[in-house]
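Residue numbers (numbering that gives the first Met the number 0), protein chains in the order written: chain A, 0 to 345; chain B, 0 to 450.
Hints listed in this document are in silico derivations from the structure and should not be mistaken for laboratory results. Predicted, not measured: the structure shown is a model, and the values here were computed from it. Note that the Cβ used here is the ideal one computed from N, Cα and C, for glycine as well. Where hints are given, some of them may not hold.
Using 30 Å as the maximum straight-line C-alpha spacing, the simulated BS3-like pairs for lysine-lysine come out as follows [said to hold, decoys possible]: (1) B/Lys106 x A/Lys50; (2) A/Lys256 x B/Lys178; (3) A/Lys172 x A/Lys150; (4) A/Lys256 x B/Lys203.
Far from chain B, some chain A residues (derived; all Cβ distances over 12 Å) [claimed, not checked]: (5) Ala44; (6) Lys50; (7) Pro54; (8) Thr100; (9) Glu154; (10) Asp161; (11) Asp186; (12) Ala196; (13) Asp204; (14) Thr217; (15) Ala237; (16) Thr261; (17) Ala290; (18) Asp293.
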Amino acid sequence: MNILKLSAAALVASGAFAGAAVARDQIQIAGSSTVLPYASIVAEAFGENTKFPTPVVESGGSGAGRKKLCEGVGENTIDIANSSSRISKSDIETCAKNGVTAIQEVRIGYDGIVFASEITAPDFKFTQADWHKALAAKVLKDGKIVDNTYKNWKEVRADLPDQPILAFIPGTKHGTREVFDEKVIVDGCKEDGTYDAHLAAANGDKAAASKACAQLRTDGVSIDIDGDYPETLARVAANKNGIGVFGLSFYQNNTDKLRVGTMAGIVPSVETIASGKYPVSRPLYFYVKNAHLDVIPGLQDYIEFFVSDDMAGPNGPLAAYGLVSDPELKKTQEMVKARTPMAPLK
Amino acid sequence: MTDITAAGIPPAETQKKSLLTLDDRTRRRNAAEMRFRMMGKIGVLIGILALVGLLTSILSNGLSSFQQTFITLDIHLDPARLDKSGNRNPEEIAKVTTFGYAPLIEKALSEAMTAKGILGNGVTVKAAAELISKEAPADLRNYVIADPQSIGQTVSFKLLAAGRIDGYYKGRVTMESAKLDRNISPEQLLLADKLKSAGLLTTKFNWSFFTAPDASDTRPEAAGLGVAIIGSLYMMLIVLVLSLPIGVAASIYLEEFAPQNKFTDLIEVNIANLAAVPSVVFGILGLAIFINFAGMPQSAPVVGGLVLTLMTLPTIIIATRAAFKSVPPSIRDAALGVGASKMQAIFHHVLPLAMPGVLTGTIIGLARALGETAPLLLIGMVAFVREYPAGPPDGFFDPASALPVQVYNWTQRGDPAFIERASGAIIVLLIFLITMNMVAIILRSRFERRW
Numbered sequence: 000m001n002i003l004k005l006s007a008a009a010l011v012a013s014g015a016f017a018g019a020a021v022a023r024d025q026i027q028i029a030g031s032s033t034v035l036p037y038a039s040i041v042a043e044a045f046g047e048n049t050k051f052p053t054p055v056v057e058s059g060g061s062g063a064g065r066k067k068l069c070e071g072v073g074e075n076t077i078d079i080a081n082s083s084s085r086i087s088k089s090d091i092e093t094c095a096k097n098g099v100t101a102i103q104e105v106r107i108g109y110d111g112i113v114f115a116s117e118i119t120a121p122d123f124k125f126t127q128a129d130w131h132k133a134l135a136a137k138v139l140k141d142g143k144i145v146d147n148t149y150k151n152w153k154e155v156r157a158d159l160p161d162q163p164i165l166a167f168i169p170g171t172k173h174g175t176r177e178v179f180d181e182k183v184i185v186d187g188c189k190e191d192g193t194y195d196a197h198l199a200a201a202n203g204d205k206a207a208a209s210k211a212c213a214q215l216r217t218d219g220v221s222i223d224i225d226g227d228y229p230e231t232l233a234r235v236a237a238n239k240n241g242i243g244v245f246g247l248s249f250y251q252n253n254t255d256k257l258r259v260g261t262m263a264g265i266v267p268s269v270e271t272i273a274s275g276k277y278p279v280s281r282p283l284y285f286y287v288k289n290a291h292l293d294v295i296p297g298l299q300d301y302i303e304f305f306v307s308d309d310m311a312g313p314n315g316p317l318a319a320y321g322l323v324s325d326p327e328l329k330k331t332q333e334m335v336k337a338r339t340p341m342a343p344l345k
Numbered sequence: 000m001t002d003i004t005a006a007g008i009p010p011a012e013t014q015k016k017s018l019l020t021l022d023d024r025t026r027r028r029n030a031a032e033m034r035f036r037m038m039g040k041i042g043v044l045i046g047i048l049a050l051v052g053l054l055t056s057i058l059s060n061g062l063s064s065f066q067q068t069f070i071t072l073d074i075h076l077d078p079a080r081l082d083k084s085g086n087r088n089p090e091e092i093a094k095v096t097t098f099g100y101a102p103l104i105e106k107a108l109s110e111a112m113t114a115k116g117i118l119g120n121g122v123t124v125k126a127a128a129e130l131i132s133k134e135a136p137a138d139l140r141n142y143v144i145a146d147p148q149s150i151g152q153t154v155s156f157k158l159l160a161a162g163r164i165d166g167y168y169k170g171r172v173t174m175e176s177a178k179l180d181r182n183i184s185p186e187q188l189l190l191a192d193k194l195k196s197a198g199l200l201t202t203k204f205n206w207s208f209f210t211a212p213d214a215s216d217t218r219p220e221a222a223g224l225g226v227a228i229i230g231s232l233y234m235m236l237i238v239l240v241l242s243l244p245i246g247v248a249a250s251i252y253l254e255e256f257a258p259q260n261k262f263t264d265l266i267e268v269n270i271a272n273l274a275a276v277p278s279v280v281f282g283i284l285g286l287a288i289f290i291n292f293a294g295m296p297q298s299a300p301v302v303g304g305l306v307l308t309l310m311t312l313p314t315i316i317i318a319t320r321a322a323f324k325s326v327p328p329s330i331r332d333a334a335l336g337v338g339a340s341k342m343q344a345i346f347h348h349v350l351p352l353a354m355p356g357v358l359t360g361t362i363i364g365l366a367r368a369l370g371e372t373a374p375l376l377l378i379g380m381v382a383f384v385r386e387y388p389a390g391p392p393d394g395f396f397d398p399a400s401a402l403p404v405q406v407y408n409w410t411q412r413g414d415p416a417f418i419e420r421a422s423g424a425i426i427v428l429l430i431f432l433i434t435m436n437m438v439a440i441i442l443r444s445r446f447e448r449r450w
């Protein structure tokens with residue numbers, strides 16, 4: 000009752016203000032915290048070099064951003080959702096239900112995921128199988144699936160350094176975790192043969208086998224970090240045995256504090272990820288509401304500016320910050336010019 | 000009294016005892032009191048230690064953000080680059096992007112370094128140009144666009160030094176760390192030292208920390224609190240303008256006029272409950288009512304202010320009612336006795352006497368609202384905002400950030416220089432809060448009447 004009264008009073012007061020409301024002239028963006036630095040670099044340059052105001056970029060996670068995008072069409076909804084994972088079928092359905100039908104999918108480039116420890120720690124030469132063996136709940140031992148009891152990297156593989164296993168991995172709300180599970184743990188699971196054992200145990204059910212692979216141990220060896228990379232960095236700095244999972248751009252800004260491990264013999268860098276040699280990377284996207292294109296001033300210009308060679312190209316500021324530029328950027332530029340909405344997901 | 004002692008303890012024993020030697024029970028009681036006092040002292044000590052630890056960490060990290068390293072250069076604003084047609088048409092000048100301004104800075108730097116004899120011996124202009132912030136071309140461009148007549152002149156600019164160089168003079172970056180850092184090399188630090196001894200590089204008070212807007216991850220040195228301070232001020236203004244009259248009116252009615260029945264009891268319980276509701280709940284409410292239902296813009300101080308008003312109201316109502324309760328009934332009775340109406344009694348006598356308490360409660364409620372981030376997260380104010388909002392009242396509807404939001408944002412950035420900025424922002428926020436609480440204390444001690 001009271002809340003109703005208060006909000007009614009507040010609404011009356013806001014009605015008095017609302018007379019002064021003007022049409023929105025800034026672009027509103029929300030979504031992935033991985034894409035946020037790139038989006039803010041572009042937004043800043045866009046505001047500096049065009050007659051349009053600097054777009055407002057919110058973080059909050061890929062999923063939250065896409066949900067906001069799908070809330071509807073109109074000036075009090077956002078124009079662009081940044082996302083570090085691909086939009087899902089259910090998102091598109093929600094969008095359609097709320098009248099958001101034409102959405103452009105713009106791939107801005109690739110992001111690498113690196114494994115790094117404190118700067119004084121020994122050198123690590125990882126393979127995906129090592130990570131699976133170290134962190135999975137169940138591992139293969141003498142042909143049988145048993146609970147994981149490895150405590151030291153040396154037990155995982157004899158030529159890894161003698162160091163207790165301790166990993167700081169992104170929490171499940173992060174898009175990065177999905178990639179970690181899929182491209183490191185499950186791939187490693189396939190590499191060391193555990194996948195086949197799981198597959199046999201599940202009577203050939205591939206989804207169940209993958210799920211069993213991605214199950215991580217819960218005995219305190221693998222620690223989920225729900226915050227952002229600075230938190231992981233602080234944990235790694237406080238614990239010399241810890242190995243953290245970072246984005247490439249974060250690592251590149253903190254090379255004086257972190258020692259990066261190689262994956263399958265490849266040092267992570269913009270070049271090795273672009274060439275596809277470094278195995279753990281993922282595409283980054285943003286999604287644009289086409290219905291807003293001619294309503295919000297500068298929206299079309301912003302999208303074109305974002306994917307231009309000056310920004311997203313291999314010599315642009317985004318690449319300098321750690322984005323691996325998309326070899327098919329030309330195609331994206333044409334698509335954006337033509338305002339091609341994305342095809343239905345398979 | 001004597002009877003009890005006589006009955007409790009055998010008289011023979013009492014006579015033997017001197018008052019100076021304590022018996023067992025007294026000693027135990029004294030010991031218990033000593034223990035309690037010790038625990039109290041330990042409690043206070045732990046509190047003080049925590050505060051000292053917090054303040055030292057914030058101050059040691061953040062005080063340096065009030066200083067900034069600048070590189071002073073005389074830059075020739077070359078008409079051949081900036082205004083090819085030569086007609087000083089602002090629209091044509093605006094077509095030259097910041098990329099077009101970078102070479103001017105490089106040229107000026109190379110000239111200055113040649114004049115001071117620093118160039119050569121393996122020192123390249125390119126390495127030196129990396130010492131200057133990426134914000135510098137934008138500064139230059141803004142200057143030229145604001146004053147197209149300056150094209151062709153040579154103007155002295157105080158340009159920001161890059162974040163790593165700034166960090167070097169604040170002790171964050173060292174020769175050892177630079178060896179491992181891919182963004183800076185020890186040679187560049189040595190070069191910065193040379194520029195410093197040549198007088199080109201200076202460290203000054205960082206006014207722009209209070210006025211400049213946020214900057215992207217590649218330019219921590221340019222990031223400031225300007226938009227956040229304006230956003231916070233706008234929100235506090237809205238909170239004050241809405242919550243003070245609503246809160247006072249509600250408490251006057253509830254305290255002085257409302258009949259005592261189940262319904263007012265229910266309201267009272269609800270207000271007490273609302274004061275304890277986690278602030279994020281108000282954010283959800285704000286999102287549902289103000290943005291989704293009333294169609295107000297995202298990230299706008301007006302929505303933030305309304306949400307924080309809802310959050311602050313219960314606090315203000317409770318404080319105001321307490322202030323009204325502390326005014327003795329004799330005041331009301333006297334006023335009513337000489338023929339004043341109830342409203343006259345309240346507005347002429349009770350309210351002025353309760354005012355210090357009301358204001359104190361309001362200020363403390365405002366201080367709490369000022370430090371709040373969680374509700375703002377849901378209404379889109381936790382964002383990268385670079386445009387200053389317009390003046391009020393239009394500006395209430397423009398996107399803005401807020402002080403605690405800026406702290407939260409900066410702690411999530413990749414560049415270590417942002418940690419310094421975040422601590423600096425905390426110091427600014429603390430200064431605001433301390434000032435507000437001081438005003439509250441002064442109001443209370445100056446004007447509060449005790450009966």
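Subject >> chain B versus A/Thr100 - minimum CB to CB distance exceeding 12 Å, so not interface >> reply: 20 Å, holds
Subject >> Beyond 12 Å from each Cβ of chain B, as asserted for A/Ala196 >> reply: About 40 Å separates A/Ala196 from the closest Cβ of chain B, which puts it past 12 Å; holds.
Original post:
Are all beta-carbon distances from A/Asp161 to chain B longer than 12 Å?
Top reply: 24 Å, holds
**OP:** For the pair supplied as a hint, A/Lys256 and B/Lys178, confirm whether the alpha-carbon distance does not exceed 30 Å.
**Re:** Satisfied, since the Cα-Cα distance of roughly 11 Å is no more than 30 Å.
Original post:
Per the stated criterion, does the least C-beta distance between A/Ala44 and chain B lie above 12 Å, as a non-interface residue requires?
Top reply: 7 Å, violated
**OP:** Check the non-interface label on A/Pro54: least C-beta distance to chain B beyond 12 Å or not.
**Re:** Given a closest Cβ separation of 8 Å, the condition is violated.
Original post:
Checking the smallest CB distance to chain B, is A/Asp204 really beyond 12 Å?
Top reply: For A/Asp204, whose nearest Cβ neighbour in chain B is about 40 Å away, the distance exceeds 12 Å, so it holds.
Original post:
Can the restraint linking B/Lys106 and A/Lys50 be considered satisfied, given a maximum Cα separation of 30 Å?
Top reply: With Cα atoms ~27 Å apart, B/Lys106 and A/Lys50 stay inside 30 Å; holds.
Original post:
Once the closest CB in chain B is found, is it more than 12 Å from A/Glu154?
Top reply: 30 Å, holds
Subject >> Minimum Cβ distance from A/Asp293 to chain B greater than 12 Å, as the annotation requires >> reply: 19 Å, holds
Original post:
Are all beta-carbon distances from A/Thr261 to chain B longer than 12 Å?
Top reply: Non-interface label stands for A/Thr261: nearest chain B Cβ at 17 Å, farther than 12 Å.
Original post:
Against chain B, does A/Ala237 keep a CB gap of more than 12 Å to every residue?
Top reply: Given that every Cβ of chain B is farther than 12 Å from that of A/Ala237, nearest at about 14 Å, it holds.
When the structure is compared with the earlier hints, violations turn up for hints 5, 6 and 7 and for no others.
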